[in-house]
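Start counting at 1 in the sequence shown, then tack on 26, and there's your number in the working numbering.
Keep in mind that the hints are not guaranteed to be accurate.
[Stated by the list, open to error] Below are the DSS-like pairs computed for lysine-lysine, each with C-alpha atoms no more than 30 Å apart in a straight line:
1. Lys161 with Lys124
2. Lys254 with Lys153
3. Lys305 with Lys276
4. Lys124 with Lys147
Hints are computed from structural coordinates only; laboratory data are not their basis.
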Amino acid sequence: MDGKWKEWHAWSRSRQLMLDECPRSFYYRYVKFYDMPYGDILKATKRMLDQMTNTKFLLGSVVHEAIERQFDQLSRGREIQGPDSALQYVTRVMSDIKYNPEKHVIEALNGKEISDAELSKIEEEAKRQVNVFFKEFFDFYKDLEIITHEDYCNIEIDGHKFYLMPDLITKSSDGRVYVTDWKSDSTYSAEPNERQMKMYILWALQKGHADFIDLRAEVIFLDIGDSKEYITTEEDLDSFKEELVENSEKLFEYIDSRSGEEDFERCEEEEVCFSCGFKSYCETN
27 MDGKWKEWHA
37 WSRSRQLMLD
47 ECPRSFYYRY
57 VKFYDMPYGD
67 ILKATKRMLD
77 QMTNTKFLLG
87 SVVHEAIERQ
97 FDQLSRGREI
107 QGPDSALQYV
117 TRVMSDIKYN
127 PEKHVIEALN
137 GKEISDAELS
147 KIEEEAKRQV
157 NVFFKEFFDF
167 YKDLEIITHE
177 DYCNIEIDGH
187 KFYLMPDLIT
197 KSSDGRVYVT
207 DWKSDSTYSA
217 EPNERQMKMY
227 ILWALQKGHA
237 DFIDLRAEVI
247 FLDIGDSKEY
257 ITTEEDLDSF
267 KEELVENSEK
277 LFEYIDSRSG
287 EEDFERCEEE
297 EVCFSCGFKS
307 YCETN
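Could you put together the complete structure from these sequences and hints?
Below is the structure:
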């Protein structure tokens, strides 16, 4: 495995979950892709998957995109008039998905039928959560300086580069920096939220946007219209940095100990395969 791969793909929780679930899928997405020539079907597959999601994350994806577009307008100095444009975006996106689900949803691409009723239910909930965001939370953030929102960022620790995409990081006129993440499902485990928030906080500190004492972090749960402050310490962050480096080194050791595709086991569970964008490629190679 060459240095370029390591530079672009340090450890992340999502990559670890993919590796644990199906090593072959991880290999296609994060290893083999970089060895294939331009025009190869794997590269085309990966580019297509970058524009898709699976049913598990469809609701969150649509809600995030709708809200992201509003902050994008604010960052350009344009005024936002309530949730109307965000709701229109949800309607338009879900109409496209209903018309051609195979272009947007991985399970549909793999031949699984997704009913209009199921998609309509997702659309209804997405609109409800967008309304919750504007009613309960938007007014607080709309006048703050936007440092970053839904942009690819990275932090570097002991030569390891870690990539992240914060939902929103803002700064008030008194110098306080707010690290904000919103979720569409409050029933998920708290542990992934903690990891995400620590990554975002480390980025804000490493890039010089705030001192630790001026940072505030919270997770907004749009399904229940509530938020929770995330509290950490500098000692916890130091321990987390050590954990990140250790996980990254273990990942590289795992990859380096394997010589090729056959050393990355393929998951045979049907449900996992149907939610994998590489299903067709895997079956024909």
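Here's how the hints hold up against the structure:
1. Taking the CA atoms of Lys161 and Lys124, the gap is near 28 Å; set against the 30 Å cutoff, the hint holds.
2. Taking the CA atoms of Lys254 and Lys153, the gap is about 22 Å. The hint holds against a cut of 30 Å.
3. The suggested pairing of Lys305 with Lys276 holds, with an alpha-carbon distance near 27 Å, which does not exceed 30 Å.
4. Simply put, Lys124 and Lys147 have alpha-carbon atoms about 12 Å apart, close enough for the 30 Å limit, and the pair holds.
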